[in-house]
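1 is the number of the first residue of the sequence shown in UniProt numbering; add one for each residue after it.
Just to be clear, a hint being listed does not mean it is correct.
To be verified - Here are the simulated SDA-like cross-link-like pairs (lysine to any residue), alpha carbons at most 25 Å apart as the crow flies:
no.: 1; residue 1: Lys128; residue 2: Thr48
no.: 2; residue 1: Lys93; residue 2: Glu184
no.: 3; residue 1: Lys23; residue 2: Thr48
no.: 4; residue 1: Lys143; residue 2: Ala59
no.: 5; residue 1: Lys12; residue 2: Met55
no.: 6; residue 1: Lys14; residue 2: Arg79
no.: 7; residue 1: Lys112; residue 2: Ala97
no.: 8; residue 1: Lys105; residue 2: Met55
To be verified - Here are the simulated distance ranges between beta carbons:
no.: 9; residue 1: Phe158; residue 2: Ala113; range: 36 to 46 Å
no.: 10; residue 1: Lys175; residue 2: Ala148; range: 47 to 57 Å
no.: 11; residue 1: Arg144; residue 2: Cys170; range: 40 to 50 Å
no.: 12; residue 1: Ser140; residue 2: Glu102; range: 18 to 28 Å
no.: 13; residue 1: Phe158; residue 2: Ile183; range: 34 to 44 Å
no.: 14; residue 1: Ile109; residue 2: Ile41; range: 20 to 30 Å
no.: 15; residue 1: Gly69; residue 2: Leu161; range: 22 to 32 Å
no.: 16; residue 1: Val73; residue 2: Lys125; range: 22 to 32 Å
no.: 17; residue 1: Ala176; residue 2: Glu154; range: 43 to 53 Å
no.: 18; residue 1: Asp40; residue 2: Gly174; range: 50 to 60 Å
no.: 19; residue 1: Arg120; residue 2: Ser140; range: 27 to 37 Å
no.: 20; residue 1: Ile117; residue 2: Asp40; range: 38 to 48 Å
In case anyone wonders, no lab produced these hints; they're calculated from the structure.
Glycine residues also receive a C-beta, built at the ideal position from the N, C-alpha and C atoms.
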Amino acid sequence: MREVLIITEPEKVKVLSEGTRLKILQLLRDRPMTVNELSDILGKDRTTIYRHIKMLENAGLVEELEVQGNERVYSRTARLYLIKADPDESVEKFRQAYLQVEAEKLVQILEKAGFKIKNREKLVKLAKEVLDEIEINSQSILKRISQADVDLTEIELFHLLNMLVFMQSCELCGKAQEARQMIEDD
């Protein structure tokens, strides 16, 4: 299993945009499972789960690990997936919803760490805009890394993402100042 898989193809993002398939990937992060196990946990029939597994397998996101009796055991092909598809009309709704959720999570992290947020709604909106801008401006680099099939570790991914942000830091200075003004250190 790879540590990181960068997903840049809209077809693969479409596969991920369905809720059941996303839940299957989340469950497989804990451990490899059979279709029966996934079916029991998700409360869906085996045929439905099998169909979703096959779509994930065809997209290269899960793989058959072994066979136990009549059951096949499936696992993720990577521990982490970085979803950075080119803006495409068919995945844009999913991408925007994903960015909104991630922006919310970032603000929640700051709040849990004890920071006082002056204007929560505005900070979430700003965070989403920044994530969107960084993502769009990073597409060519991430796509090239993905196509070269570079095997990244988790720490290398962290450093790569920091470098991508750094490369755009001049364009984001105004937004960074605005964000800092909304966050108070108690």
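Hints and how they fare:
| no. | hint | result |
| --- | --- | --- |
| 1 | Lys128 to Thr48 | violated (34 Å) |
| 2 | Lys93 to Glu184 | violated (33 Å) |
| 3 | Lys23 to Thr48 | holds (13 Å) |
| 4 | Lys143 to Ala59 | holds (16 Å) |
| 5 | Lys12 to Met55 | holds (9 Å) |
| 6 | Lys14 to Arg79 | holds (20 Å) |
| 7 | Lys112 to Ala97 | holds (23 Å) |
| 8 | Lys105 to Met55 | violated (29 Å) |
| 9 | Phe158 to Ala113: 36 to 46 Å | violated (19 Å) |
| 10 | Lys175 to Ala148: 47 to 57 Å | violated (31 Å) |
| 11 | Arg144 to Cys170: 40 to 50 Å | violated (22 Å) |
| 12 | Ser140 to Glu102: 18 to 28 Å | holds (21 Å) |
| 13 | Phe158 to Ile183: 34 to 44 Å | violated (22 Å) |
| 14 | Ile109 to Ile41: 20 to 30 Å | holds (28 Å) |
| 15 | Gly69 to Leu161: 22 to 32 Å | violated (42 Å) |
| 16 | Val73 to Lys125: 22 to 32 Å | violated (43 Å) |
| 17 | Ala176 to Glu154: 43 to 53 Å | violated (25 Å) |
| 18 | Asp40 to Gly174: 50 to 60 Å | holds (51 Å) |
| 19 | Arg120 to Ser140: 27 to 37 Å | holds (33 Å) |
| 20 | Ile117 to Asp40: 38 to 48 Å | holds (41 Å) |
Hints 1, 2, 8, 9, 10, 11, 13, 15, 16 and 17 from the list above are not met by this structure, while the remaining hints are.
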